[in-house]
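Number of protein chains: 4
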Amino acid sequence: MSRSSTFPVFDQFVTATTGRNMTSAAYVAVTCGVVAIVLLTVDPAYPALHYLIYTALWACLAFFVFEWVIRLRHAANIGRRPAYILSFRGIVDMASALAVPVALVAEISPRSAWLLGMFWVLKVVPGIRGLRQLRRVIVQESGPLLSVLVIFLTVLFLASVAEFVLEHEVQPAAFGSVPAALWWAVATLTTTGYGDVVPITPLGRIIAAAVMICGLGVFGLWTGILATGFAAETRRDNFLRTWEHVSKVPFFATLGSSAIADVTQMLRTIDLPPRTTIIRKGQSGDCMYFIANGEVEVDLPGKKVALGEGAFFGEMALLGNNLRSANITTTRVSQLLVLDLVDFRLLMARHPDLAETIEAEAKRRAQENK
Amino acid sequence: MSRSSTFPVFDQFVTATTGRNMTSAAYVAVTCGVVAIVLLTVDPAYPALHYLIYTALWACLAFFVFEWVIRLRHAANIGRRPAYILSFRGIVDMASALAVPVALVAEISPRSAWLLGMFWVLKVVPGIRGLRQLRRVIVQESGPLLSVLVIFLTVLFLASVAEFVLEHEVQPAAFGSVPAALWWAVATLTTTGYGDVVPITPLGRIIAAAVMICGLGVFGLWTGILATGFAAETRRDNFLRTWEHVSKVPFFATLGSSAIADVTQMLRTIDLPPRTTIIRKGQSGDCMYFIANGEVEVDLPGKKVALGEGAFFGEMALLGNNLRSANITTTRVSQLLVLDLVDFRLLMARHPDLAETIEAEAKRRAQENK
Amino acid sequence: MSRSSTFPVFDQFVTATTGRNMTSAAYVAVTCGVVAIVLLTVDPAYPALHYLIYTALWACLAFFVFEWVIRLRHAANIGRRPAYILSFRGIVDMASALAVPVALVAEISPRSAWLLGMFWVLKVVPGIRGLRQLRRVIVQESGPLLSVLVIFLTVLFLASVAEFVLEHEVQPAAFGSVPAALWWAVATLTTTGYGDVVPITPLGRIIAAAVMICGLGVFGLWTGILATGFAAETRRDNFLRTWEHVSKVPFFATLGSSAIADVTQMLRTIDLPPRTTIIRKGQSGDCMYFIANGEVEVDLPGKKVALGEGAFFGEMALLGNNLRSANITTTRVSQLLVLDLVDFRLLMARHPDLAETIEAEAKRRAQENK
Amino acid sequence: MSRSSTFPVFDQFVTATTGRNMTSAAYVAVTCGVVAIVLLTVDPAYPALHYLIYTALWACLAFFVFEWVIRLRHAANIGRRPAYILSFRGIVDMASALAVPVALVAEISPRSAWLLGMFWVLKVVPGIRGLRQLRRVIVQESGPLLSVLVIFLTVLFLASVAEFVLEHEVQPAAFGSVPAALWWAVATLTTTGYGDVVPITPLGRIIAAAVMICGLGVFGLWTGILATGFAAETRRDNFLRTWEHVSKVPFFATLGSSAIADVTQMLRTIDLPPRTTIIRKGQSGDCMYFIANGEVEVDLPGKKVALGEGAFFGEMALLGNNLRSANITTTRVSQLLVLDLVDFRLLMARHPDLAETIEAEAKRRAQENK
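Chains as they are written, first to last, in UniProt numbering: chain A, 1 to 370; chain B, 1 to 370; chain C, 1 to 370; chain D, 1 to 370.
There's no promise every hint is true.
Below, a sample of chain B positions facing chain A; criterion: calculated Cβ distance under 7 Å [claimed, not checked]:
(1) M118
(2) W183
(3) T191
(4) T192
(5) F219
(6) W222
(7) A227
(8) A231
(9) T234
(10) L346
Cβ-Cβ distance ranges computed for the label pairs, FRET-style [as the list claims (entries may be wrong)]:
(11) L319(B) <-> R129(D): 45 to 53 Å
(12) Q283(C) <-> A360(B): 45 to 53 Å
(13) E244(D) <-> S112(C): 57 to 65 Å
(14) I270(A) <-> K281(B): 32 to 40 Å
(15) R135(D) <-> G320(C): 53 to 61 Å
(16) L153(C) <-> S87(D): 18 to 26 Å
(17) L203(B) <-> A59(D): 23 to 31 Å
(18) I108(D) <-> T201(C): 16 to 24 Å
(19) G320(C) <-> T357(B): 27 to 35 Å
(20) A59(D) <-> L153(C): 16 to 24 Å
(21) V125(C) <-> R129(D): 28 to 36 Å
(22) S24(B) <-> Y51(A): 57 to 65 Å
(23) T277(D) <-> G282(C): 53 to 61 Å
(24) T254(A) <-> S87(D): 41 to 49 Å
Computed list of lysine to any residue pairs in SDA-like fashion (alpha-carbon distance at most 25 Å, straight line) [unchecked claim]:
(25) K281(B) <-> E359(B)
(26) K248(A) <-> E359(B)
(27) K281(C) <-> L72(B)
Bear in mind the hints are in silico, worked out from the structure with no lab data behind them.
For glycine and all other residues, C-beta sits at the position ideal for the given N, C-alpha and C.
Whole structure, please, built from the sequences with the hints as guidance.
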């Protein structure tokens, strides 16, 4: 989908590097940059360290400018430049590349200018897998979450005004205004409790005790809502990833569609790079695997057997003596569906025909290996 | 249900404005009032700000008095004046309207009198959706919650007496009486931990450590009870809202009543104002919609198709290539039932006849659009 | 089961008063006693208050001694005196009755002697309903809870030793010994964070940050285990209370035993004293009731209808317009089974024969009432 | 599997002692050692205590060296010496045995050298039952946990840089560098809140309030993920332990395999040593037992009846008057499957044939005992 390009080599490079979400080099650069910014403000014990920090910062900045240019070019190539520039990633990339140079040009002191490099840490955010789930949770549970937030703010405000009225005469510095009392209230309601500002009057302390107990209640509700939502989202996310693959495994084809839905909820999808050892001989085994994508190699005495899409392995340990009988490693990038021992037992109990298939295959393999 | 009215125009206005729970103007007024009260006690840097604050406060007060008069009149019109005056909302409205004027008349200093405006924040409370659920949770789980509260108070009391006995000689100011030790105990048991009062003796510190660990335990129980209850209440609330609408969707009519109950638990109800974009072309789709109330408009190339009550849309993305194929917006205030992708898969797996209906409709629409 | 008694009148009184778990008088006495002990140590502003406190303390002590004597006599009467004396309740009663007099006789200062009255608060403990569930939870989940506790103590110990090594030279007062560092560690690991003792060295602060994050993790596990266990126990407790009653309601008799088990999980049991209003006319109704024990009275225009064991009421609001049509109050101590609206819908959907029975009865009652 | 041994007597001893995970003597030694290390740094009030501490430390060290030698020998005997030395347990044993002597030889002061004995506490870690489950939870939920951790670190870093910029001029000591601000941020985000370092500027305090609220959110997510995972792991662990035993109980043999899977989820496995009283006559009974391994003895008037593998007991209390009718104790080490009353009711409701079997057996036993 590229137009005829003025810089063909450059564009080939662009296409090669931007296929992935975030190159490993960018992760390294962000980590270096964050460490450098943290150390920037510490009085350098050694001038050499000082120069090392600034060198690292300039290197990271150069990398992020380079990465931004590449991404702009790639977006232009596939005709989605406005979408990219306005997206979260586009804004973060632009801020990461431009904020520090603009500040330096605007004659802000170098130490303050380089602190604007703190935006570099936002580049890792789109790559966090769980963030998408978190955003869905917050959107779906936004009603209850907002309710708890409003209760929190109401208690905060009422407690601040009450404490101001009760305490501002005896502690004019600490509770001299409602904003000052608000500072005490938010530290108490979140159970952080700095202790720099503390009520002295008996009635003020009673109100403070009520606020602390409310803080526990609000916190309990908030925790419960988020936790319940996140657990459900993780299961949902796993179901969607797995559904696509279950249909590729002929082993499940004999199940009715309702049973396939049940099995999908039991399976977990894992992605493995090549040459990863999945099973080691002699270890105790507590799950079996179905290959949705890719290929694995079974290390038997005297030969290596390859298993491809749709095959399963690891069942002998679940049926027999619990120890793995051979090493099994991936030969290509693979996606495997994992069926845990407990779910294996439940599945075999509910579908005796599947149980026969697996036991027959296990017997056949045991005989072959003698 | 209105009697013949002395002020017909006024009463028409009353009926028009009090239909809704809380007018948007009231929300704005409460927010302004709260901000003004917070800033009231800060020493004004600029006298102009000082006048601005008092102007805002007088405006909010005028609004709340006006709103109270309207509500009293409306309640009298429909013959429920005593019920209104005695209800939570009636008391809050009266306090919001009268507290500050009464205080000003009683010659309390303006700054303190206006702080009584803190009652204005209680006007938002009846409008919080989650509050009704929260009250049901607390009522239903009142047994376990009270038990945990009694355990909390028992530990509080015993720890206070113990620390008083152990510490009052070495720290006569901090632990000089059991109420003083109670202050330390409540700050510790809620893990707030101000640090203004801290045991010094070894045995006192051992008891303090035990109290801190108890605090975690009590807090864990409290959190768990509230969280479990709130999650169940949210599901219940959603079920009730959805049940009324499911019967209006002929698509579900062929299901037996038992299956309708299952489907109701899968659906979520959302309320949308007119001219809201529900689906954007090209986005990835992960749910489908059934129209319970209202109307939507599908933006197809060359024509606009209207879908009314009982129709469904959004299924093509779930069956096909995952991308939405057209923009769909509401034309009127609408209530939609949302079926998430995972539940869609489960529903289709368990009811193949529904699956056929949806696939047939999807095919028909795909052909129409060519 | 009483032997021939030396004091027949006294023993009749004993039998009459000790039938119940904790007389209301005892609750009042404990509350008075606790308040008196709390105020005991505050310097009396008015000597009259001082005498009032001591009067209250002597009255409570007299009551607890009297109650202990009665309970000893009752235990002897039914032949279970050793069991009573050795039980938790027996020991608490003895301590409550004897601790203060023994201390006063032993010439301990009155103020310290009366502080031994803190044992009086333990008398409420056996009466807490949720405590039995809590004890079951802790017993059943003792394995995981102990594991988390051991992890907690291990982290505590290692962190203390590490901080002692790192900080004892720069802060010899605060971190001068491992016990002092343990004090800091337990305040940090429980996230209480007094702040009286804080690491200064960079490595010490890094270890402190790790401890704080561990504290969150330990706390999360502890909370989760307790919360999950307590929720399960509450459901179990409700099931057991309800099972006994479901069999008395002929409405459920037509259900197979498996369906009875499901219905039992939906119902809640509530105990009501006589002359309690269960339903008020005009309120919105969201549950129906089955009478397991006792009797209620329906307040219809022109007559009052009594409903006894096995009858149900409240169903008309669930089937119709959601408003209660009459006041219903208990005439005797009653136990009712409550079926919530959502479960009512599910039950009717799954058992159409029950639905017909309820709708027929509702029609019959509606016609009778015209 | 032992080779011919140079020290046959020693090797017999070795085999006898290393069969179990952690001898009770080792637990005692670890506890003594930990207490001794804690007291080591406290200025000794009495020189005798000082000598007692060092004696205890030397004794523990001698024990741990002895235990390490035994384990090395045992590992060599069974031919797994390299695996042992490289395992966690092997490294901990070596550190426990060698760290202190090496430090003493290297002329480190005795007090600091003996502090290296803190590694002794790690010897209890492999023995914690819940630890295996905890590790599985962390591995399985590693995705969401890492996401929350990354969010935590991102908020931490951004808040630190922001507070440094806002506060370093007014509080050069407390917020003088980004690492100093990081110290404040981690104490606040974990809601520990020492209070030694607190923002003063208004904007700094607003950001601090936002950080505290974020801290609650992060903590809620973390708690929810861990708690959900741990609860699932406990159920899974119990299922696996129970599955092996259910097949040995002929009572369940008549159930289809699907029902056996359901029953397995209801049962709990408990391990009991000999001469343990399981049931006391007269207590209220709320569960029944199936014997998977071992033997119990029923204490009837006039005779003792032995029940072996596959038998069940405790059902009469569940069917009848709720009180246990006889004492039952174990005669050998036994594994029992416990079926709680609620699950008993559900099982009997769903499988009437099992209900008949149990009731017939209960009748037969009741008649025999007359």
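Structure-based check of each hint:
no. : hint                            : verdict
1   : M118                            : holds (4 Å)
2   : W183                            : holds (5 Å)
3   : T191                            : holds (5 Å)
4   : T192                            : holds (3 Å)
5   : F219                            : holds (6 Å)
6   : W222                            : holds (5 Å)
7   : A227                            : holds (2 Å)
8   : A231                            : holds (4 Å)
9   : T234                            : holds (6 Å)
10  : L346                            : holds (5 Å)
11  : L319(B) <-> R129(D): 45 to 53 Å : holds (48 Å)
12  : Q283(C) <-> A360(B): 45 to 53 Å : holds (47 Å)
13  : E244(D) <-> S112(C): 57 to 65 Å : holds (59 Å)
14  : I270(A) <-> K281(B): 32 to 40 Å : holds (34 Å)
15  : R135(D) <-> G320(C): 53 to 61 Å : holds (57 Å)
16  : L153(C) <-> S87(D): 18 to 26 Å  : holds (23 Å)
17  : L203(B) <-> A59(D): 23 to 31 Å  : holds (28 Å)
18  : I108(D) <-> T201(C): 16 to 24 Å : holds (19 Å)
19  : G320(C) <-> T357(B): 27 to 35 Å : holds (32 Å)
20  : A59(D) <-> L153(C): 16 to 24 Å  : holds (22 Å)
21  : V125(C) <-> R129(D): 28 to 36 Å : holds (30 Å)
22  : S24(B) <-> Y51(A): 57 to 65 Å   : holds (59 Å)
23  : T277(D) <-> G282(C): 53 to 61 Å : holds (59 Å)
24  : T254(A) <-> S87(D): 41 to 49 Å  : holds (44 Å)
25  : K281(B) <-> E359(B)             : holds (20 Å)
26  : K248(A) <-> E359(B)             : holds (22 Å)
27  : K281(C) <-> L72(B)              : holds (24 Å)
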